[in-house]
Amino acid sequence: MATDTSGAEGGLVFHPMDQFIIKPFFGSGEVAWYTVTNATVWMFLAVIAVFLLLVVGSSKRAVVPSRMQSVAELAYGFVYKMVEDICGKEGVKYFPYIMTLFMFIVCANFLGLIPTAFTPTSHFAVTVVLALAVFLTVTVLGFVKNGASFLSLFWVSSAPLALRPILALIELISYFVRPVSHSIRLAGNVMAGHAVIKVFAGFAALLAVSPIAILGITAMYGLEVLVSFIQAYVFTILTCVYLKDALHPHH
Amino acid sequence: MATEPIDIEMAGTCVGPNGSAIGMPQLCFDWWGNQIFWLVLALIAIYLILSRVALPRIGAVLAERTGTITNDIAAAEDLKAKAVEAEAAYDKALLDARAEAQRIVADAKAEIKGDLDVAIAKADAEIAAKSAESEKAIADIRASALENVAVVAKDTAKEIVAALGGKADAKTINAAVTARMKG
Amino acid sequence: MEGELAHIGAGLAAIGSGAAAIGVGNVAGNYLAGALRNPSAAASQTATLFIGIAFAEALGIFAFLVALLLMFAV
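Chains as they are written, first to last, in this note's numbering: chain W, 1 to 251; chain D, 1001 to 1183; chain F, 2001 to 2074.
Just chain W, same shape as in the assembly (with noise of 0.2 Å):
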């Protein structure tokens, strides 16, 4: 099903791919950096919603919280526990920055779902950008705190003197690949789950198969709720666990 077997034999028309394309949301034209774009549209979106959820939700202040406030708090004492379970107190410092990735991914996969909805989230621009944003941190933020020592992350000094150098090199690989893996990690999943969506609504085309492809898209999309927040929660749990390796690099 290559982009050009566009359905003029048998009615399938299947084009998992166009959901991803950016355009630009008002009128037509190129796409310049500066373009408001239907990925900008639900960047915003999600923005507001966390706006709507964290700030509106919780601006009563009550001590018997109200529905919107108790989700508020529960993301709070969710993203606050993982911090501070994993990075140990002196991570609790950098829980804005990591409650901010985690607002900002969730929020942006659960309005992906929203049919006909762009997800921001399935573009490796965003994801990479992300990634990168976290790993300059962590890095930057590992020699600034340890100097020097924060390379004995990469020298492991439990392992017999022989080893030591091959397993530096690929625990330095293995770094190094950190960004990427994270990176990919999310938009893949969330590109895999709306393309694989799509594909299924290709097949509701044909009469004979369509309850099947229905119950499929169901499914899917099941599946895919669970993954939007899944990833989300890994995306923020890596997040940390990188931290710590930068806050406490000795093994």
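By construction, these hints were calculated from the structure, which means they are not laboratory data.
Where a beta carbon is used, it is the ideal one built from N, C-alpha and C, also for glycine.
There's no promise every hint is true.
[What the hints assert, rightly or not] Distance ranges between label pairs, derived from CB positions:
| # | chain 1 | residue 1 | chain 2 | residue 2 | range |
| --- | --- | --- | --- | --- | --- |
| 1 | F | A2019 | D | L1048 | 41 to 47 Å |
| 2 | F | Q2045 | W | V144 | 27 to 33 Å |
| 3 | F | E2004 | W | R67 | 52 to 58 Å |
| 4 | D | R1052 | W | F229 | 25 to 31 Å |
Based on the hints, put chains D and F in the right spot on chain W.
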């Protein structure tokens, strides 16, 4: 989205003339700059919202709630201690009342017993007096009966002796009857 | 011809997704087995569980990505 008509001028290196993507839209680097720019803006916005307004507020609410709960628990502990105290006081009052009641009962019992003893003693004394009187009467009656028996025996003996033609003086017969009655 | 070979390659690469499924199943199954043996320690290891699942799944996603690249970008 593929059904929307797309201008020919938009069709570039990433979007074909029929409006569908050429290759993966994720790898169309023409669009990266735009996304990165708006993403950075969005992240900064969220960071400012969170760090300036939302997180301090929620943190304060949570701290306040923890404080309230701690205070409430302390107050509850206080009230519980008071309740325990009140119960102890109640138990003590109950014990006192019971002891008092027992004391009163014992007093009443002792009083009644005293009265009863006096009455019994009096009754006993009366009974003793009556029985002594009765015994005396019985003894009198018995003594008089014995006397009568002796008199009758003496008279009878005298008569019998006289009837047999003997002659006996009263003194001998008396002695003989008395000896006989003793034996 | 080249495009067809690319499609075959994409299908082969998609096998990697199944392999990743085995990996994820292994992680979750072993977690469950351990959690049933020692339920008191289970709650503290959920984070490790998710990290393990994420690492296993990332490789499957890489395979999927290779398939996509062969499908759409070659």
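Evaluated hints:
1. A2019(F) with L1048(D): 41 to 47 Å: Since A2019(F) and L1048(D) have Cβ atoms about 44 Å apart, the given range 41 to 47 Å holds.
2. Q2045(F) with V144(W): 27 to 33 Å: holds (32 Å)
3. E2004(F) with R67(W): 52 to 58 Å: For E2004(F) and R67(W) the Cβ distance comes to about 55 Å; the hint holds.
4. R1052(D) with F229(W): 25 to 31 Å: 26 Å Cβ-Cβ, so the 25 to 31 Å window holds.
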